[in-house]
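Sequence order for the protein chains is A and B. Counted from 1, the first sequence has number 86 at position 85 by our numbering; the numbering is strictly sequential. Counted from 1, the second sequence has number 925 at position 43 by our numbering; the numbering is strictly sequential.
Simulated from the structure, these hints should not be mistaken for laboratory data. One thing to keep in mind: the hints can contain errors.
Unchecked claim - Straight-line Cα separation of at most 20 Å, SDA-like style, residue types lysine to any residue; simulated pairs:
#1 A/Lys81 to A/Val112
#2 B/Lys927 to A/Asn33
#3 B/Lys927 to A/Leu48
#4 B/Lys884 to A/Asn33
#5 B/Lys924 to A/Arg43
#6 B/Lys927 to A/Gln3
#7 B/Lys884 to A/Ser51
#8 B/Lys924 to A/Asn31
#9 A/Lys80 to A/Ser68
#10 B/Lys927 to A/Ser21
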Amino acid sequence: SQTIHQWPATLVQPVGSPLSLECTVEGTSNPNLYWYRQAAGRGLQLLFYSVGIGQISSEVPQNLSASRPQDRQFILSSKKLLLSDSGFYLCAWSPRGGYGYTFGSGTRLTVV
Amino acid sequence: RKEVEQDPGPFNVPEGATVAFNCTYSNSASQSFFWYRQDCRKEPKLLMSVYSSGNEDGRFTAQLNRASQYISLLIRDSKLSDSATYLCVVDNYGQNFVFGPGTRLSVLP
Numbered sequence: 002s003q004t005i006h007q008w009p010a011t012l013v014q015p016v017g018s019p020l021s022l023e024c025t026v027e028g029t030s031n032p033n034l035y036w037y038r039q040a041a042g043r044g045l046q047l048l049f050y051s052v053g054i055g056q057i058s059s060e061v062p063q064n065l066s067a068s069r070p071q072d073r074q075f076i077l078s079s080k081k082l083l084l085s086d087s088g089f090y091l092c093a094w095s096p097r098g099g100y101g102y103t104f105g106s107g108t109r110l111t112v113v
Numbered sequence: 883r884k885e886v887e888q889d890p891g892p893f894n895v896p897e898g899a900t901v902a903f904n905c906t907y908s909n910s911a912s913q914s915f916f917w918y919r920q921d922c923r924k925e926p927k928l929l930m931s932v933y934s935s936g937n938e939d940g941r942f943t944a945q946l947n948r949a950s951q952y953i954s955l956l957i958r959d960s961k962l963s964d965s966a967t968y969l970c971v972v973d974n975y976g977q978n979f980v981f982g983p984g985t986r987l988s989v990l991p
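Produce the complete structure using the sequences and hints provided.
Quick look at the structure:
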């Protein structure tokens with residue numbers, strides 16, 4: 002069966018520090034991968050999605066970036082965090098040609 | 883107009899009540915529709931897909947009206963464990979999915 006792993010679960014980082022969140026999927030090949038952010042009390046905002054290795058589409062211009070170095074690995078990064086980057090970051094996957102998302106358990110990021 | 887809009891809520895209902903959530907979407911080309919459930923401080927989880935003919939899963943019934951670009955979710959005989967935020971989800975040209983802002987439900991004893 003397919004599983005998605007996301008870590009860390011909780012992160013407190015100072016303003017201006019770098020960020021790296023990692024997400025991996027097991028039990029499937031060639032998945033579509035997504036990064037979402039949910040600010041406190043708000044809806045889900047799509048940040049990046051990827052349909053293949055090295056293929057990244059950005060939905061919202063900001064100081065975040067994403068990379069997909071391997072088929073089932075998706076990384077969210079920042080060189081310098083802002084206070085406004087605080088939120089709940091969720092990685093998700095969907096099967097190629099199929100539909101429906103499965104989310105990782107999320108990373109709660111607080112920038113202080 | 884936002885791509886996916888939902889009842890703002892919150893809905894506070896007693897146990898055993900029937901509650902309905904509404905959702906509208908703007909992209910007439912959308913083909914896939916879902917309801918997700920999100921518990922407090924947790925990731926969203928798929929509740930059910932929404933099919934053109936309408937579909938039912940136990941106490942939950944989903945309806946789709948393509949002409950009106952409208953989706954609904956009906957929960958019968960509400961349980962305390964149904965308390966959560968319900969997210970309407972619509973595909974965006976088949977590439978990714980757009981989530982509505984969610985409607986929060988609190989089922990009261």
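We went through each hint and held it up to the structure:
1. A distance of roughly 11 Å separates the Cα atoms of lysine 81 of chain A and valine 112 of chain A; the hinted pair therefore holds under the 20 Å criterion.
2. Taking the CA atoms of lysine 927 of chain B and asparagine 33 of chain A, the gap is near 17 Å; set against the 20 Å cutoff, the hint holds.
3. Simply put, lysine 927 of chain B and leucine 48 of chain A have alpha-carbon atoms about 19 Å apart, close enough for the 20 Å limit, and the pair holds.
4. About 24 Å separates the Cα atoms of lysine 884 of chain B and asparagine 33 of chain A, which puts this hinted pair outside 20 Å; it is violated.
5. For a cut-off of 20 Å, the pair hint linking lysine 924 of chain B to arginine 43 of chain A stands: about 14 Å separates their Cα positions.
6. A threshold of 20 Å between alpha carbons decides the hint, and for lysine 927 of chain B with glutamine 3 of chain A the separation of about 15 Å falls inside it, so the pair holds.
7. At roughly 24 Å between alpha-carbon atoms, lysine 884 of chain B and serine 51 of chain A are farther apart than 20 Å, so this suggested pair is violated.
8. Of the pairs offered as hints, the one joining lysine 924 of chain B and asparagine 31 of chain A is violated, with about 26 Å between alpha carbons and a cut-off of 20 Å exceeded.
9. With a C-alpha separation of about 13 Å, the suggested pairing of lysine 80 of chain A with serine 68 of chain A holds against the 20 Å cut-off.
10. Between lysine 927 of chain B and serine 21 of chain A, the direct Cα distance comes to roughly 24 Å. Violation of the 20 Å bound is thereby established for this hinted pair.
The structure does not agree with the numbered hints 4, 7, 8 and 10 stated previously, though it agrees with the rest.
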